[in-house]
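For this one, chain A is given, so just place chain B on it according to the hints.
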Amino acid sequence: MIKYFKLSIFILSIIPFLLITYKIFFNKLGPEPVKEITHFTGEWTLIFICLTLSMSPLKKLTNLNYWVKIRRMLGLFVFFYASLHLFTYVGIDYRFSWQPIFDDIVKKKYIFVGFAAWVLLIPLTITSSQKMMLLLKQNWKKLHKLIYAIAILGSLHFIWLSKTIYFKPLFYFVLITVLLVLRINFKRIFEK
Amino acid sequence: MKKIKYSEITPENIYKNRRKFIKKFGLAAGSVFLSQNLNLSANAAPKKEDLKLTEYRYVTTYNNYYEFGTGKSDPAERSEKFKTKPWEVVIDGEVENPIKLSIEELTKMFPSEERVYKLRCVEGWSMVIPWLGFPLNKILKKAVPTSKGKFVKFTSILDPEQMIGQRFPILDWPYKEGLRIDEAMHDLTILVTGLYGKKLPNQNGSPLRLMVPWKYGFKSSKAIVNIKLVEKMPISSWMKASPNEYGFYSNVNPRVDHPRWSQATERVIGEGIISPRIPTTMFNGYGDEVASLYTGMDLKKYF
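Protein chains in written order, with our numbering: chain A, 1 to 192; chain B, 1 to 303.
Errors might be hidden in some of the hints.
Quick partial rundown of chain B residues pointing at chain A, CB under 10 Å, derived from the structure [what the hints assert, rightly or not]:
hint: 1; residue: T54
hint: 2; residue: T61
hint: 3; residue: R277
Calculated directly from the structure, the hints in this document are not laboratory data.
Ideal placement from N, C-alpha and C gives every residue a C-beta, glycine not left out.
For reference, chain A alone in the conformation it holds in the complex (with noise of 0.2 Å):
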């Protein structure tokens, strides 16, 4: 049962991948194919990172174990999403001039904590696996915890690349924020 749950989520989870690529090859971006295959690899990183970090709050909301089951797995597309969002931008934009983009990470606020987003992802994606978990114990957990960092650096890179006040940003924005404060044991802190 969790093994076909795992498979519609995988496949669920290639599709926006399988249709930019589509797009891509049937020229179906329009006039700025660039941008478009940017903002949308962009936008489904920071889709799967409210994903990821929905699946404990539901897990206490349902009581169902199912979620974090698939939680691994909806990480690693967030790696996949970002890693083609970058290449997008390092890669198709600005084929590899280094100096530009080099320039870019130190100057840009907002290309310096979406860089920065994606170092962190990496040391997450590596230990990833059930040996790593094994292997770094109690360090795991803390390790992890670093996609709250990730996915505030994530929100504030599409926030501050916006010249005006967009809904979408700041919608994003707010639901990370809430799924970061269901996390909060407010319990615990009115006991203190």
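Only chain B this time, still in chain A's reference frame:
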């Protein structure tokens, strides 16, 4: 689609001089700002006769016109019913003869000519558009600016009923922009009433918009109702929204970055994913004609 010879639009001597300038400048810009990976040199700078018109469908579906929404396709989707008749334009302020004209009178009085200009958006993309319009100085000369008329302030229409974007405080509505008087009097600065040989589509700023080709696109106000000569530098809507990102001058300048974007290169709209960015040229390639307006000015300070 009608094919346009560029030689028909710009007098030959002007366009040859411009070529020289672009070559000179393109080389400097290319070597200083772009890495060898992009391999941009003087040869890569666009030749005037090579300027390829952006397809009509892109010109009319990819627009920044926040009065109709912040999405690029919003203006095309939401402006269809926008009423451009009746429409009156007032030229007043520091002038000897204030003018009030209906759009019909205005188009009759000032016949349009075709001008192929490159439009460079501050967001880092560009289009080449065959505009129909006439020099702004023609109408300003009719109004006769007084010695106090040192700046020109453009005000666009305020109509939240028709313009859904104006119901939200995205910008300080109505849209306001400004030029220094010598910029406004410059022959390249035109008031636009059409493009691609047709009446100006609503999403492109019908019935009357400005086009200042050496400045970033947002300087070229759409749906203008008032042109006012003023003594002090006007505060534009974008300056008010974000003063450290949008300056009064906003000349296209590959050496002065926007705080959030590099301005060294640009994407050409409609070129697809295969073609790389191209180098942005000083004053969008119109330096020959306009650089003298800014002699002695620190363009980093007056961005």
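Tested hints:
1. A distance limit of 10 Å between C-beta atoms decides the matter here; for T54(B) the minimum to chain A is near 8 Å, and the interface restraint holds.
2. At its closest, the beta carbon of T61(B) sits 7 Å from a beta carbon of chain A; the interface hint therefore holds under the 10 Å criterion.
3. At about 7 Å, the closest approach between the beta carbon of R277(B) and any beta carbon in chain A falls short of 10 Å, and the interface hint on this residue holds.
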